[in-house]
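**Q** Those sequence lines, one after another, are chains A and B.
Our numbering applies: residue 1 is where the first sequence begins, and numbers increase by one.
Our numbering applies: residue 1001 is where the second sequence begins, and numbers increase by one.
Note that these hints are calculated values from the structure, not bench results.
Among the clues, some could well be false.
Claimed, not checked - Below 25 Å or equal to it, Euclidean Cα-Cα: the simulated DMTMM-like pairs (lysine to aspartate or glutamate) are:
no.	chain 1	residue 1	chain 2	residue 2
1	B	LYS1387	A	GLU316
2	B	LYS1123	B	ASP1162
3	B	LYS1066	B	ASP1090
4	B	LYS1342	A	ASP187
5	B	LYS1387	A	GLU225
6	B	LYS1176	B	ASP1344
7	B	LYS1342	B	GLU1286
8	B	LYS1176	B	GLU1017
9	B	LYS1387	B	ASP1344
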Amino acid sequence: MTASFTRTRAFRDVVVVIVLVFGVGSVAMLLAHVSPVDGFAALFDGAFGTRGEIAETLVQTTNLLFPALGVALAFRAGLFNIGAEGQLVIGGFAAGWLGAQFPLAGYLAVPMVLLAGVIGGGVWGAIPGVLRARFGANEVISTLMLNVIAVLLTTYLVTGPLQQGNAGASETGPLPKAAQLPDLLSDTRLTWAFVIAIVLAIVLHWVLQRTVFGYELRAAGDAPEAAKRAGIDLGRTALVAMTLSGAIAGLGGATIVAGVLHRFNTGLSPGYGFIAIAVALVGNLEPLWIIVASLGFGILASGAIGMQTEAQVPREVVSLIIGLVIVALAGRRVIATMRST
Amino acid sequence: MRKRFGAVQAVDGVDLELVPGEIHALVGENGAGKSTLAAIAYRAVHPDEGSVASDGVVGLVHQHFKLIDRLCVWENVLLNREPRRGWSIDVAAARTRVRELSARYGLDVDPDARVETLPIGIKQRVELLRELDREPSVLLLDEPTAALAPGEIASFFTTVQDLAKRGTAILVVTHKLAEVIAYSQRVTVMRAGRVVASHLTGETSADQIAREMVGGEVPALAARANTVVAPLLALRGMSAQSGTSVLREASFEVRAGEIVGVAGVEGNGQSALADAIAGVVPFTGEMTFGGEPLRAHETPASRIARGIRVIPQDRRHEALVLSWNVRDNVALGRQRALALAKFDDAAREVIERFDVRPPNPDALAGALSGGNQQKIVVGRTLTSAPKLVVAYQPTRGIDVGAAALVQSRLIEARNAGAGVLLISFELDEIFAVADRILVIANGAFVGEFDRANLDRGRIGALMAGHA
């Protein structure tokens, strides 16, 4: 199976997703004895009702956008990197530990912290890349396992050998002010991370479409046999793509630490790295479409709280919707793959 | 009968009648609708219009064998029709049934041999036996000789003629006109989904059938100019393996300004040869190019850099990215040398010189016909000024016009001083194009012939493995 099978007509998928979101959501709300009109009104009100809620929606968008871009890059190279969660956690840990351990000051503090996230995530992505390039190890298995290792390793480190905060607390010490990402909207959690993510998506789009590197990466993903015979080194491409993919997810983890939490906490991700796979697929693995997809998922994630408090619809309805979107898209692609082989 | 697939009218108002005791040949170019018609007759495909009527069972032998390699012969022959004894299979009865079947039709085969250990000719017997066990009154043969050596072809048709004498109606779908003339009683020619001619074979000729297939004169090949040959590629005791394809101790030369044809039946080491030269698999022994030794573990990229370009056998998987447009496909293999700015110029050059249709660099490669896809692959290879071209089945499954263009361009590349190694399973193609012919069988080179003194019978015997 190659990534070309996972890319289909974006427009059709978007329609499918929108129908699913509203259809499944309506059914679930009716089961909870709530009018779907009220339910969705509450959801959108929760996502856009106030300045703070808009900011929170964009925070969720940002947190999904980074790992989704990382996932998309790997998928475009034909690599099913489902380890964005682990890469994000390691990146966040590297950023948090460095930021709290060394009293960074001045303009370099934020870049250093973000760079730590890039390196941490990059290393965590390079491991399955090397395993694949050198030994042909299936990256699905290795990245999945590395997710678990990442969570357990960082938990062990912050509570054990690299403990900085209170004994037993599953977090690093706080980041000094200089190492925190500046706010984009004052008195909200929205920082310049949002802008970085959008710029990154545009850069990634350009790299994929307008550079020889992107051309070779897409060739390796879309037709590996033809790419190999055209002189493209598949092993090297896999290693580079996995490293970059992990680095992008790691940067996302670092922005959560430096922008939202101001410290690394083992609970920093409620599964961003997994939802990111769905976001990347809904965005048809196109970086610019993924911005739109992230916004959609961001609305669902941040509106869920408002929906629960205002319309008494359990917020699990949103998890249900997201889950069914993933199942539907994955199912469609499995069917497409079976037909084409 | 009519059948449409999407925008393509595959079969358009065809009537076909098969008579017991007659071998009926169905010919036409790729995409003419022959295989669709056979599938409709087999009732594997429903026609949009029209109907199929037959007395008794219809059997079909596929071009690509549909056998389970890891099972033995009787298991394949009787699959889903195994004689049973209670809950279990009556193995003794099954063996006896297969033995009787092979004796009745003179198709000698060991019922207990595992299919994967059998040579291709015997596999075809197994395939045939499986259909014969159902006692078909109509037997459809789809390109049955594609994988057979000339000698095997003769004995295969002896069996088929014998079946016809027993009263079976036989339809042979083929593109080999020599076989049509030699073995059929009636021939139907299809073009673009329609029947354009139907003859008693005795009343027509191969030339006439060819013209009817193409819908005009068969295009002539480019003239071969006198060239000065100079040493280019030399193999000494080179061995390699690619998948199941094995090449042993190959020693020969390809010189600049000549076309060397490698004649052989599919599966005799050709893939290993092509992949070793392409740098896709390592080799042992010695290979030199332009006097310099090629390293055993060199990558395809460095072979390309030396001026060695390979046209792979499987254009859909090994050569093209079907989901991409023509422009990006033309650049594949030269993406670094060209850089993105020159992709468009390169694409337009190939489209123009190789008559790619539609002449649109933005067209998706996957939407093009096989012939036009192959023009892209051959075009991008030959316009990159290669020193050596390895063309592996460059005209497989493409129409006569496109095949003639590809062959002509290979001759022109030779005239311009490139060395060409043409690996083909079609002896006619090699005879038409090559300056020298090497024969490959069982992974070894077993004979060499000059264009001036070709011996078709001898080459056929060597291809079949008779020294």
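**Q** Hint check: LYS1342 (chain B) vs ASP187 (chain A), CA-CA at most 25 Å. Holds or violated?
**A** violated (51 Å)
**Q** Between the alpha carbons of LYS1342 (chain B) and GLU1286 (chain B), is the straight-line distance 25 Å or under?
**A** violated (37 Å)
**Q** Hint check: LYS1176 (chain B) vs ASP1344 (chain B), CA-CA at most 25 Å. Holds or violated?
**A** violated (39 Å)
**Q** If you draw a straight line from the CA of LYS1176 (chain B) to the CA of GLU1017 (chain B), is it 25 Å or shorter?
**A** holds (21 Å)
**Q** Going straight from one Cα to the other, do LYS1387 (chain B) and ASP1344 (chain B) come out at no more than 25 Å?
**A** holds (24 Å)
**Q** Hinted pair, alpha-carbon criterion (25 Å max): LYS1123 (chain B), ASP1162 (chain B). Please report holds or violated.
**A** Roughly 19 Å between the alpha carbons, so the hint for LYS1123 (chain B) and ASP1162 (chain B) holds.
**Q** Under the criterion that the straight-line Cα-Cα distance not exceed 25 Å, is the pair LYS1387 (chain B), GLU316 (chain A) satisfied?
**A** Distance ~65 Å between LYS1387 (chain B) and GLU316 (chain A) Cα, so the pair is violated.
**Q** Taking 25 Å as the top limit, are the C-alpha atoms of LYS1387 (chain B) and GLU225 (chain A) close enough?
**A** holds (23 Å)
**Q** For the pair supplied as a hint, LYS1066 (chain B) and ASP1090 (chain B), is the alpha-carbon distance within the 25 Å limit?
**A** Status holds; Cα separation ~24 Å.
Of the hints listed earlier, those the structure fails to meet are numbers 1, 4, 6, 7, in rising order.
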